[in-house]
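Order-wise, the sequence lines are chains A and B.
For the first sequence, UniProt numbering begins at 1 and goes up steadily by one.
For the second sequence, UniProt numbering begins at 1 and goes up steadily by one.
Simulated from the structure, these hints should not be mistaken for lab results.
As the structure is a prediction and not an experimental result, all values here were calculated from the model.
List time: in silico SDA-like cross-link candidates among lysine to any residue, alpha-carbon distance up to 25 Å:
1) A:Lys2 / B:Asp334
2) B:Lys5 / A:Asp334
3) A:Lys89 / A:Asp321
4) B:Lys169 / A:Gln431
Label-pair restraints from in silico Cβ distances:
5) A:Arg24 / B:Glu373: 36 to 42 Å
6) B:Asp92 / A:Thr59: 51 to 57 Å
7) B:Pro322 / A:Glu118: 25 to 31 Å
8) A:Glu85 / B:Pro322: 34 to 40 Å
Built from N, CA and C at the ideal position, the CB exists for glycine as well.
Number of protein chains: 2
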Amino acid sequence: MKPVKVGICGLGTVGGGTFNVLKRNAEEIARRAGRGIEVAQIGARSSNPRCDTSDTPVTSVLEVADNPDIDIVIELIGGYTVARELVMKAIDNGKHVVTANKALIAVHGNEIFAKAREKGVIVAFEASVAGGIPIIKAIREGLAGNQINWLAGIINGTGNFILTEMREKGRTFDDVLKEAQALGYAEADPTFDVEGIDAAHKLTILASIAFGVPLQFDKAYTEGITRLTTADVNYAEALGYRIKHLGMARRTEAGIELRVHPTLIPADRLIANVNGVMNAVMVNGDAVGSTLFYGAGAGMEPTASAVVADVVDVVRAMTSDPENRVPHLAFQPDALSDHPVLPISACASAYYLRIQAKDHPGVLAQVASILSERGINIESIMQKEAEEHDGLVPMILLTHQVIEQKIDDAIAAMEGLEGVAGKVMRIRVEQLN
Amino acid sequence: MKPVKVGICGLGTVGGGTFNVLKRNAEEIARRAGRGIEVAQIGARSSNPRCDTSDTPVTSVLEVADNPDIDIVIELIGGYTVARELVMKAIDNGKHVVTANKALIAVHGNEIFAKAREKGVIVAFEASVAGGIPIIKAIREGLAGNQINWLAGIINGTGNFILTEMREKGRTFDDVLKEAQALGYAEADPTFDVEGIDAAHKLTILASIAFGVPLQFDKAYTEGITRLTTADVNYAEALGYRIKHLGMARRTEAGIELRVHPTLIPADRLIANVNGVMNAVMVNGDAVGSTLFYGAGAGMEPTASAVVADVVDVVRAMTSDPENRVPHLAFQPDALSDHPVLPISACASAYYLRIQAKDHPGVLAQVASILSERGINIESIMQKEAEEHDGLVPMILLTHQVIEQKIDDAIAAMEGLEGVAGKVMRIRVEQLN
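Okay, chain A solo, but in the shape it has when bound (with noise of 0.2 Å):
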């Protein structure tokens, strides 16, 4: 058969990457594919120093969509505006596609899903979520007989090595930020790493394929890690949980649960010890249990291993009826559900919190008494000595499961308590059984 022809549009670090597995593991891919995958040609508007493109023609993003040799465009240049263009244009003109774009898929996948599906092509997106691990794939076709209750990841691989670094080696957030920076981990605006709007892009895919219900982005709740210090980072472990930037998504009876903000796990728990800036995604289904997906979340090689993969999957279903591939968000387009996604108020988990007390023995009976009132069961209290530099003594308590409001209610209260100084520090607490 003749080989399939593919244009990868970006050449940076996941377009290199893309480039180079397809050259280097062409014959290994075409023994699986049956045919040979040629990258025809390349849009970029500069080389890339580690890849040898001489054999290849370069041109600008746009035209590649243009080609009418091109069977497949890869979208590798990231961010919306161009990206979009590109996509459409090319689902416009009857060319399947594969991107890494997470931004791109999770504020504009539904549109782009319905030209798709407009024009019969395939739009695969296997890379914009963790990477190298195949977990589109596992949640959308491994899991295919399941009801998914929840799923929970470790997907943002910059904040995991922050936390990981504060962790081992009791250094300051500030202190880390700066060294994934020096090290290329962390973007010079850290903003969509550390303040989890990157893993709830990558969340809002999950919960969509995992559900059933359209993308929605706007509706995640999204809280980042910059408020973490060392003190709960330790409190936490004496209590025999480590704390990970996590995006949960859950449903519940009332409605799905879409949300990223740093949580203390069960130190036993796998997805607790996966540490750096390695990724893994928690899914638990009615039949199936939980199960965990673990490898490199991020990278030139890891991340092209899994646009490679949509590519072998786009050359096996091209020729296939539209109707029996698999559907782009898991459930048929007509069978989407419109059950909501909560907003965080009306979520539901336990927490751990951290109280400034002036005065130890006298706010414990108030901070019970505040927390007994709105039904909220304690599971544990950890007080430690009190701190030198300020005389306040640090108390430490862990709730049980409790719908947000409550909680919050309830800070609220215990911050206007004359014991307490300044905020309450809260860190929900997630079993992951």
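Using the hints, position chain B against chain A.
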């Protein structure tokens, strides 16, 4: 579209689970697959008290393969004899097959896939390895862009339960085995589990789809966990390792290593922390690096999860051109490689050696010279106090990586020393980076 009609053959644990999951999640599954999946017939000798099959016709197993209404035959009876006859008959009749039968695939898969290809039907077998973990799909499709370097799996839950109990509670192998049998984790004849035959079946399948070689169960090396002592478990722990019963497949220039045996793994590896009956498989690819896939490796509904996912896959692919489907063994049948499976004597590994010395300082010098004469480097040495009852001094060595033949030769020389009592205990060590 008309529902797809499946026949479930075998209504034991997995068959019952498959029946129940298909019923309970019928709506969710149809929302994904785009059409209903109906259990139109059951082939079984007896009913399953955990299934309400009152609405479903029950017949003898082989009749299901002859029922012209059935599109997909689900083989869940196990064993080689009737299962093989059923699968071949179903294929002959142009039916697609889903099976959870690792022994059947590992031993007769080449013949079965050849026949399926001739008839243009699919034989899906995700449930045959690691229960609910979609590991076949991950390797065959999700990592299709990679040259797989190696894979390593905890793929027998019974064995892992025994090793976990030995380590966590200091219990003996025999003691835990009896409990596992009482709990139903282990068979009355536990040979398949504890001698590694079950794991070798699964490893054979994983190695074929990872490296693109025919199934060669007869060439897999198998070593059980029956000789492991709590002393070895504790020494390993003291050295920073855990002992797991690992299925290990590695591609080298010389050939493919295919081996199941107890293995020391650094305690901080994620896979070293997979406990109880849970399974996990690490896969290392040239682009993606190391990945890990974790979940329940057996049980009624976890295994059913994989069976049903296969059914959904078959429903999607059954209308497609057979040439464009995912090949049974991941690589096109005419592109399988004849890269040989290596005999265990030619496999490379690091080793843990436990030597019972009568006279410690003298023996150490002799042992060191035996190793050094054969070019085997010592990574570390641990000497323990004499055990009271026999006055023998346990001497534990970790070697660098070496070809097995050399270590066998060295062990033979050590066992010939006058100062060494009995056999040298030898356990392989893998770093699994």
